[in-house]
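**Q** Numbering (my numbering), first residue to last: 484 to 1210.
Derived by calculation from the structure, the hints in this document are not laboratory data.
The structure displayed is predicted, hence computed values, not measured ones.
Virtual Cβ for every residue (Gly too), placed ideally from N, Cα, C.
There could be a bad hint or two in this list.
What the hints assert, rightly or not - Computed cross-link-like contacts, EDC-like style, restricted to lysine to aspartate or glutamate with a CA-CA straight-line distance of at most 20 Å: (1) K1158 / E1090; (2) K1158 / E1094; (3) K780 / E1066.
Unchecked claim - FRET-style restraints, in silico, Cβ to Cβ: (4) F496 / D1145: 24 to 30 Å; (5) L622 / L763: 29 to 35 Å; (6) L712 / M797: 45 to 51 Å; (7) T619 / F970: 22 to 28 Å; (8) L488 / N789: 51 to 57 Å; (9) E1207 / T828: 17 to 23 Å.
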Amino acid sequence: MLLHLKKDQLLLFIWIILSLFISGAIGRNMGISLLFLDPEYLGKVSFWSFFIMGVALGGLIVTWNITSYMLNSNRFPFLASLEYPLWHFSFNNFIIPLAFVLFYSIMIVRFQFIYELKLGSIIFFRVEGLLAGILTVFLLTTLYFYLTNKNILIFLKQSKGYLQPVKMKDDKDWKSISIDAPIQRVEYFLSKRFKVRPVRDVSHYDDQLLLSVFRQHQNNAFFIQIITLLILIVIGFFIDVPLFQIPAAASLMLLCSIAIVIAGAVSYWLGNWKVSLFILVIVIANFLTSYDLFSHKNAAYGINYNTSPADYSMENLKVILSEEEQIASRNNTIEILETWKKNVTQLTGKQKPEMIIANFSGGGMSASFWAMRVMQKVDSISQGKLMQHTTLLTGASGGMFGASYLRELYYQYQLGENVNYRDIKYAFDISNDLLNPIIFTFVVNDLFFPWQKYKVGEYEYIKDRGYSFERKFSENTRFMLDKKLMFYQELEKQAVVPMMILNSTIMNDKRRLMFSAQPIAFMCQPYHNSFQHDKLEIDAVDFNALFKEQDAKNLKLTSALRMNGTFPYIFPSVFLPSEPVIEVMDAGVRDNYGLETTYRFISQLKEWINENVSEVIVLDIRSQEKIDEIEDRRVQRLLGKLLNPLQAVHTNYGMLQDYTHDSLAAMANDLLDGKLNILTFEYRPQKGADKASMSLHLTEKEKQAIESAILFDYNQISVQKLTELLK
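Start from the sequences, fold in the hints, and give me the full structure.
**A** Below, the structure is given as structure tokens:
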């Protein structure tokens, strides 16, 4: 234990970071602790999901012990005289792994009992699964080393008293190792019979003989590490098979095991040169990845990367977003609104119907589930008027996952299919786990160099975690969204379904990249064509216009949704076929609520709206509170003071966007002569309860909490007001 504290801080860090994850000290808002405490496998939490967690944890413990043995066994010469040196080393190295297993088990019991309200028998069964998985790995590795490792007695018997030692450069090899790894003073150790025994003196053994024992054990240990890595690579062939999509937390433990293997191998083989050579490897890797051959870039599926790249320059933007294009796209949208008005007037008899624009915030699966349930329940209460009056859906990330699925269900319902788009089962569809296949693919595929390919139409792409997300998302949504974005072009023109605008953020210059089945050049500048100013920049780009020659019309809807919700590190950034190459990320970087898009839509079409619409109702459906509590800054620790300038922007970016949106709302209301109504539906946890995580994985308890939030007074007020406006 003391040796680890003094020499192996990196190996200790693995346990520390995992403990912080499990306790919720790190990543609570992202739901990382839930991945460990409520792991899901094949769609449910069970004995087998915990068994797989146990296998992953057992593998981590074994890898940790093997690496520790490779690095430190030379410090304990007496081990070579024991019957099972590696076993005894691991057994006496029990403090940290045992403490972690006990801590993890206690946290599972606590969570399952307090938060999941499970019976004691179920909790016992799940913890039993964890321990059974650990024990299985221990038994298999023990068997392997029992069959392959030799102790000093076997060496002596084979050599009839003296073994021909391993080849060495000189007779001082052991002494040189002892200098780099000084022998640790040990007086007692735990035997395999759980007894405390004094250490045996081994000075009468030849140093080269002792070294031969350790070399043989270390080589066997290194071999099993290599085999483990090869197995992970082979498993990468099966990223499409649900059976292999293990719980996300198990994948994270596998990732920790890989990190330990790499760190141990570097230390073992490079010795004192490890730091210098590690830096050299980083420099070389950084240089090589500047070339496409050594650098994988994630793609948007459906478009052509093999043709001449699009010209992403101010000169070309002015051409594709010219005044003529803006006028044409605005007129196209007005035609859609005219058709929508005609349809609603026929249904309601109103010559000036109410227009609804629905906005959905980002926030992972909690935002998806919340978006679906709000729209389903409010549409039911309004007897279908909500969807009839809605003209535009827009927003960011998870919220738009739910909105796009609801729109497709609404279309299927209008076709006469056996689909009740208000059924809660569809909300459960959209809230099913997406994280397991993504993290699993990252560990067994992306972490090495992804090379498997698949085709969309006539174009070929590399399989990575972006592909795994789209495949799993399509499965969760019954493959209803496995189609092109342009599939909805005619449906929107006939006002069969609301228009939808998706956004992402171009990281090159922070412009918005906008996706729609309609031309939307008029949405790409922050002013009406009647107001001209040379210094007002184009701050958004119409994807279809920029990538017309790269077959933008073939873009998959799931790829557009992924670019709309490309959460950093979870999803890979998407690179588009342009010059210079465009990198895109989450829409939330610019607008996490979609309200900026909504108010621009209103300002660009204000003349038509004022003439044809009685009220404009903006639904602000958000998975975060609109008004946060004011933080107390009287007491700050040292680290808090150092990190505060960075955290102030990062943690409060949602509030900063809200301030901007409120100003835009006030201006939009003036443009509409006071006809703007903003109704907010926000998910807040009950007092004293934890908020659902911003993750791609929701527990059953979190789904229940989100489901009940629509009944809270502040949301019911919005429901009643909307019902009154639509009477």
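**Q** Using the beta carbons of L488 and N789, state whether their distance is inside 51 to 57 Å or not.
**A** With a Cβ separation near 55 Å, L488 and N789 satisfy 51 to 57 Å, so the hint holds.
**Q** Would you mind confirming whether the straight-line C-alpha gap from K780 to E1066 stays at or under 20 Å?
**A** The hint holds at about 9 Å.
**Q** Evaluate the given range 22 to 28 Å for the C-beta pair formed by T619 and F970.
**A** violated (48 Å)
**Q** Is the hinted range of 29 to 35 Å satisfied by the C-beta distance from L622 to L763?
**A** This hint is violated: roughly 41 Å between Cβ atoms.
**Q** Are the Cα positions of K1158 and E1090 separated by 20 Å at most?
**A** Cα-Cα ~13 Å, so holds.
**Q** Given the hint of 24 to 30 Å, is the C-beta distance from F496 to D1145 inside that range or not?
**A** violated (44 Å)
**Q** Quick check on a hinted range of 17 to 23 Å for E1207 and T828, using CB atoms only.
**A** About 20 Å separates the Cβ atoms of E1207 and T828, which means 17 to 23 Å holds.
**Q** Taken at face value, is the distance from the CA of E1094 to the CA of K1158 at most 20 Å?
**A** Between K1158 and E1094 the Cα gap is close to 12 Å, so the pair holds against 20 Å.
**Q** Does the beta carbon distance between L712 and M797 stay inside 45 to 51 Å, or does it fall outside?
**A** With Cβ atoms ~48 Å apart, the hint holds.
When each numbered hint is compared with the structure, violations occur for hints 4, 5 and 7.
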